[in-house]
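Participant: Single-letter residue listing:
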Amino acid sequence: MFDKILVANRGEIAVRVLRSCREMGICGVAIYSDVDCAGLHVRKADEAYPIGAAPARESYLCADRIIDVARRCGAQAIHPGYGFLAENAEFADQCLREGITFIGPPSGAMRLLGEKIPARQIARDAAVPTIPGSQGAVADLPTARSVASQIGYPVMLKASAGGGGKGLRLIQSEVELQQSWEITQAEAAASFKDPTVFLEKCLRRPRHIEIQVIADRYGKVIYFPERECSLQRRHQKIVEESPSPIADAVLRRKMGEAAVRLATVAGYQNAGTVEFLVDEQHNFYFLEMNTRLQVEHPVTEMVTGLDLVRLQLLAAAGEKLPIDQKDIQLRGHAVECRVYAEDAESGFAPSPGRIDALEEPAGPGVRVDSGVYQGAEIPVYYDPIISKVIVWDSHREQALARMSRALSEYRIAGIRTSIPFLQSLMKDRDVMAGDLHTVLVAEILAREQREHDDSWQHALIAASLMYHHRGRVPIQSPLNRWRLSVWEDER
Amino acid sequence: MFDKILVANRGEIAVRVLRSCREMGICGVAIYSDVDCAGLHVRKADEAYPIGAAPARESYLCADRIIDVARRCGAQAIHPGYGFLAENAEFADQCLREGITFIGPPSGAMRLLGEKIPARQIARDAAVPTIPGSQGAVADLPTARSVASQIGYPVMLKASAGGGGKGLRLIQSEVELQQSWEITQAEAAASFKDPTVFLEKCLRRPRHIEIQVIADRYGKVIYFPERECSLQRRHQKIVEESPSPIADAVLRRKMGEAAVRLATVAGYQNAGTVEFLVDEQHNFYFLEMNTRLQVEHPVTEMVTGLDLVRLQLLAAAGEKLPIDQKDIQLRGHAVECRVYAEDAESGFAPSPGRIDALEEPAGPGVRVDSGVYQGAEIPVYYDPIISKVIVWDSHREQALARMSRALSEYRIAGIRTSIPFLQSLMKDRDVMAGDLHTVLVAEILAREQREHDDSWQHALIAASLMYHHRGRVPIQSPLNRWRLSVWEDER
Amino acid sequence: MKLEARLLNGESHSIQLQSKREGVEILLDDRRFSVRFLKLNGSRCLVYSDGKVIDALVHHEGPQYTVLLNGRAYYIELTDRRLTRPLPDDSKGTHQPVKAQMPGRVVRLLKSQGEPVERNAAVLVIEAMKMQNEIRSPRQGFVSQIAVREGESVAAGQLLFEIRVEPQP
Amino acid sequence: MKLEARLLNGESHSIQLQSKREGVEILLDDRRFSVRFLKLNGSRCLVYSDGKVIDALVHHEGPQYTVLLNGRAYYIELTDRRLTRPLPDDSKGTHQPVKAQMPGRVVRLLKSQGEPVERNAAVLVIEAMKMQNEIRSPRQGFVSQIAVREGESVAAGQLLFEIRVEPQP
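For the protein sequence lines, the chains are A, B, C and D, in the order given. Its first residue numbered 1, the first sequence is counted upward by one per residue in our numbering. Its first residue numbered 1, the second sequence is counted upward by one per residue in our numbering. Its first residue numbered 1, the third sequence is counted upward by one per residue in our numbering. Its first residue numbered 1, the fourth sequence is counted upward by one per residue in our numbering.
Hints should not be assumed to be uniformly reliable.
Dumping the calculated DSSO-like pairs for lysine-lysine here, alpha-carbon to alpha-carbon at most 27 Å [to be verified]:
(1) B:K4 x A:K326
(2) B:K193 x B:K166
(3) D:K2 x D:K20
(4) B:K166 x B:K220
(5) C:K130 x C:K99
(6) B:K4 x C:K130
(7) C:K20 x C:K39
(8) C:K130 x A:K166
(9) C:K20 x C:K52
(10) B:K326 x B:K220
(11) B:K254 x B:K326
(12) C:K52 x C:K39
(13) B:K326 x A:K4
(14) C:K111 x A:K166
(15) A:K254 x A:K193
(16) D:K20 x D:K52
(17) B:K254 x B:K4
(18) B:K193 x D:K39
(19) D:K52 x B:K427
(20) B:K166 x D:K130
(21) A:K320 x A:K4
(22) B:K193 x B:K220
(23) D:K39 x D:K52
(24) A:K193 x C:K130
(25) C:K130 x C:K111
(26) A:K166 x A:K201
(27) B:K320 x B:K220
(28) D:K52 x A:K4
(29) B:K193 x B:K254
(30) A:K166 x A:K193
(31) C:K39 x A:K427
(32) A:K427 x B:K4
Since the hints were made in silico from the structure, they are not lab data. Since we're looking at a predicted model, the values are computed, not measured.
Just chain A, with the same shape it has in the complex (with noise of 0.2 Å):
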């Protein structure tokens, strides 16, 4: 095993990561942009090296100085977290030739994989549906309307090299098609340097749902129960759990063998997750494969007991897998709320700031896993997210209910942040249901209403409570004071 692992990320991540390393007595080293130089993830980490000035590209993306200082303190080993360079294929190239191990698959896998149209074919190869659409790449837009109308419109018109909600476009009609064609591929060009672009029915309220997978260098592939992750905001995730409100045994197997076709076909080592749009009679398709750490792996972990970070330094280390598929099995139910630093009141405009004060939740079946202390600060340079509460408990609904109450327990002052709307889906019918879809969410924020409840006559109570006692100290005693100063009250 490694006795020096340096973590090439930030926030919570980075905080995770380092987690894991203090447990298995591994030295764990931060890096830290300008901005970053009292960041949670320097102070929970034994070592700390500055990289660089605040924007990503000036220092979390700086690929060489981040090798530099690995090379300089020692480290024998690079966890890249998510985001950043965790998917840089040239980046793991450069580690290896510097001897140092990337925690990750190999480069080789990562390529195949971080385009649409390769891992498209190598779903095919594994015999994994994927969904209806053009073969490969589509060359003009004769091809494009030929495809678009075998397959039936709506389609979506995808840039081969896009990922993560970015580089795609639903087309609804084959006049869109016509007028969307070449912005779309000259967006292609400029975004990821690839204009290729291809064409992939558009499935009607799918299902987002994932299975996480892990494999060690001797061929064994352990794939995991599965993650809804279909609420999601502009295409980005907000909220996960497992195991799946639709998932049965037959599914999840189904489901979980076809991913651990898919990585043994690409050669994958590693942990990795195989991302399906599922539709409403339950078939899957192939959607990408996601070759690093995901956010919303505790969620896994919640229902498994197993520890992903470690089982990567493990498999990154050349160790085998010290499990087998038998030994993973789902107990309870686990749900992740992502905690944004950003104004659910007000259009989710990002909200970043000092955090003048901080209160976690916690008790029985709660983790928060956070990035951030009490007078920290979220900087406007990266990712807004500030921290994932993730919650488990015997049965999903029991786990919803945990999940409002911790959100409940939780205290930021001094930036805005995702919390009330996270709140309103704990207790939305179709959450609640487990009617889920990705467009939801969208559905949710166009429906929602305030509730009606007494909450803001309290606000405005302690508000002008608050202003009617300014000046006036707080109790630092309440031993000695309580009986003085609180039920008197002075003009």
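Following the hints, position chains B, C and D against chain A.
Facilitator: Only chains B, C and D this time, still in chain A's reference frame:
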């Protein structure tokens, strides 16, 4: 199910119960003494009522006032937590008379099991092994002498009405027996209003292992996997775990079935714990039964996935237990550390005061049941428990490593805590090997040596830098000031 | 003390507070509350109202109050009747400037100069923190000035556009 | 700046700090450290020393510093050489008072007036927070006064006893 429950307690256990109430949609009512007006349990409650002055006998022990509050606010049930009125049969009777459900066993069972001699008789009736000793009360010194010489020294001279580590005396020889006889009787009379004493053999380095049970009104009694609580200081548990490092499936079932027999014979209902001493040959002997929820219940929740408070409420509401013995499955390993406001560095003196800064551990496998928040006060009037840190992992060794990691993240300023000692326990060779017994902590304290690492140098450096930079304001925004004020350093 | 409170949805409420020996009497519109109040540190407070406990975190910048309550956020503007400075007079036309809340890049202009806008209508789109954000008009009126161009980088606090509010009849 | 630090175990160390352009040079006894320092709010600080990160919470009352580091607590008394007020002069006999840290009840006196005591010898027992605590002598010397009786309730800060420290030869 109840609509409203009053929690007749304070601190972490009141918070624990209120959390389950909120998750079950039950209105949770807190009560508070004057010094607890801003306690965390008040903040986590839906309603809260003052109950009297700080000393427990003027507030949390005032049965009349508590019942009066319950009646006036419309609470249908009272959860007593642990301590205070939890094992007070009078109080249970009073609730019954007022038509309020006492969430605990019937007062009859409580009375029987609350005294040692009748409890030992019940154990014998239930064919549960008891520690060799007198059949019942020992009337006079000659009888005591004869019993003691029969079972062999050392022996324990115990008050029948004692418990929880109080009212017992270790006797090494006949001379000591003679010296202690009268004083022990007198102390028992003074402390417990009952001079009755009895004799038990003193086991050499026993383990303390206990079985949690829960029973409904319909005769169903279920046992849970054992908890080992051998790490004790002054007869108070400080670290608990489940399963026990020495228990296998056979011992677990034997102890579990013994506990169920005992609970059945006693006509027990609701949650309770049968405590055993276990000798080096793994023979187990009944010690006492605790007729309440215990401090260490979370380790059982972590390894079984069940919510014991929820089960308590269901049983108290007259529902059938929703689980059977076969549903209780042991998974992984859980460890709990009790964090006290005690100065571990100088003889565990109480350290009440204000919590000036607080950061609690979090992340994978870590649960914190806390009774405090930043700015809260630890009053001198009650048990100085701050919180419990509970961890879960798939194996014991990993669970201990995770606990070390969690404790290393815990920051409490303003008061002194037992965390440093807990840290050293987690790394003790006997603790790591699972070689536990009830005097191990005393042995460790006797042999404890300061770890020889560089940490004291780091502490000196941090303290002197804070002195050097006194008067300098903390950074508000690293975004702007890092380059300006961090690397530089004014005179 | 008499306060006027305006909620985010535009609702306005009147609040009267009066200190009594046993706590504070509050008249919220026409509902009466008798409360006890405890100010904790870190902008936390506890309000005890007829058994109910309100555990709130109250943060304010000037008259803008944010109250965190059970995981929800409430935004309230408080006006003290005694101290009321004359509010910007709606009876004359005024120009309301809208500034960037954070650094970012203008990706799209949705309105042009002189165009009429509803309250809350999107005027332009700024990309920041990897996300596109519509910047909306705070008032009904006309876009009197657009101070940025598409593609331009903006700093926090930089003027984006101005809305001219028409005199009310 | 020159400091003297005394640990709980009685060890004494000298610390010299010098500000440089790139941070602070520290000479701890004869070990040299080159560090960067970041003061956070809430008495937290970060020290960057040769890659190592020291994440400490530092609390002090006068010269008594408590440093929390990785779940351990370190108690340090700092003396600034430049500001040193003359310390209580050990060459003359002095009386050191010992006060109650918290309210409680005196359950037992273990020494009587005039009795010689070693450093750390228990002088009396106080019960507080349901526990019995031995109150020890901070110095070697004689019990010059016992200010409480068995069974007496004491308030925090109340004088318990005094130790007379003998002049050193």
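Participant: Taking the hints in turn, state whether each one holds.
Facilitator: The hints, checked one at a time:
1. The hinted pair formed by K4 of chain B and K326 of chain A fails the criterion: a straight-line CA distance of about 44 Å is larger than 27 Å.
2. Annotation: proposed proximity of K193 of chain B to K166 of chain B holds, straight-line Cα distance about 14 Å (limit 27 Å).
3. Restraint check: the Cα-Cα separation between K2 of chain D and K20 of chain D comes to about 15 Å, which is no more than 27 Å; the hinted pair holds.
4. A hinted pair counts as satisfied when its Cα atoms are at most 27 Å apart, and K166 of chain B with K220 of chain B does not qualify at roughly 32 Å.
5. Restraint check for K130 of chain C and K99 of chain C: satisfied, since their Cα atoms lie roughly 19 Å apart, inside the 27 Å limit.
6. For the given pair, K4 of chain B sits about 46 Å from K130 of chain C by alpha-carbon distance, which is inconsistent with the 27 Å threshold.
7. Between K20 of chain C and K39 of chain C the alpha-carbon distance is near 17 Å, which keeps this suggested pair within the 27 Å criterion.
8. Proposed proximity of K130 of chain C and K166 of chain A is supported: the alpha carbons are some 11 Å apart, at most 27 Å.
9. About 19 Å separates the Cα atoms of K20 of chain C and K52 of chain C, which keeps this hinted pair within 27 Å; it holds.
10. For the given pair, K326 of chain B sits about 13 Å from K220 of chain B by alpha-carbon distance, which is consistent with the 27 Å threshold.
11. Proximity of K254 of chain B to K326 of chain B is assessed by CA-CA distance (about 15 Å); at most 27 Å being required, the pair is judged to hold.
12. Straight-line distance between C-alpha atoms of K52 of chain C and K39 of chain C comes to about 16 Å, which keeps the hinted pair within the 27 Å bound.
13. For the hint pairing K326 of chain B with K4 of chain A, the CA-to-CA distance comes to about 44 Å; that exceeds 27 Å, so the pair is violated.
14. Straight-line distance between C-alpha atoms of K111 of chain C and K166 of chain A comes to about 26 Å, which keeps the hinted pair within the 27 Å bound.
15. Pair hint K254 of chain A plus K193 of chain A does not hold up; C-alpha atoms about 36 Å apart against a cutoff of 27 Å.
16. Between K20 of chain D and K52 of chain D the alpha-carbon distance is near 19 Å, which keeps this suggested pair within the 27 Å criterion.
17. Under the criterion of a C-alpha separation no larger than 27 Å, the hint pairing K254 of chain B with K4 of chain B is inconsistent with the structure, at around 39 Å.
18. About 57 Å separates the Cα atoms of K193 of chain B and K39 of chain D, which puts this hinted pair outside 27 Å; it is violated.
19. At most 27 Å may separate the alpha-carbon atoms for a hinted pair to count; K52 of chain D and K427 of chain B meet this at roughly 23 Å.
20. At most 27 Å may separate the alpha-carbon atoms for a hinted pair to count; K166 of chain B and K130 of chain D meet this at roughly 12 Å.
21. Taken as a hint, the K320 of chain A and K4 of chain A pair is honoured in the structure, with Cα atoms around 20 Å apart against an allowance of 27 Å.
22. Pair hint K193 of chain B plus K220 of chain B does not hold up; C-alpha atoms about 35 Å apart against a cutoff of 27 Å.
23. In summary, the hint linking K39 of chain D to K52 of chain D is supported, as the alpha carbons are separated by about 16 Å, within the 27 Å threshold.
24. A threshold of 27 Å between alpha carbons decides the hint, and for K193 of chain A with K130 of chain C the separation of about 19 Å falls inside it, so the pair holds.
25. Between K130 of chain C and K111 of chain C the CA atoms are separated by roughly 23 Å; this keeps the pair inside 27 Å, and the hint holds.
26. With a C-alpha separation of about 17 Å, the suggested pair K166 of chain A and K201 of chain A falls inside the 27 Å cut-off, and the hint holds.
27. Between the alpha carbons of K320 of chain B and K220 of chain B the distance comes to roughly 8 Å, so the proposed pair stays at or under 27 Å and holds.
28. Pair hint K52 of chain D plus K4 of chain A holds up; C-alpha atoms about 13 Å apart against a cutoff of 27 Å.
29. The straight-line distance between the Cα atoms of K193 of chain B and K254 of chain B is roughly 36 Å, outside the 27 Å bound, and the hint therefore fails.
30. With a CA separation close to 14 Å, the supplied pair K166 of chain A and K193 of chain A stays within the 27 Å bound.
31. Note on K39 of chain C and K427 of chain A: the hinted pairing is violated, with a Cα-Cα distance of about 31 Å set against a maximum of 27 Å.
32. This hinted pair checks out: K427 of chain A and K4 of chain B have alpha carbons roughly 21 Å apart, not beyond 27 Å.
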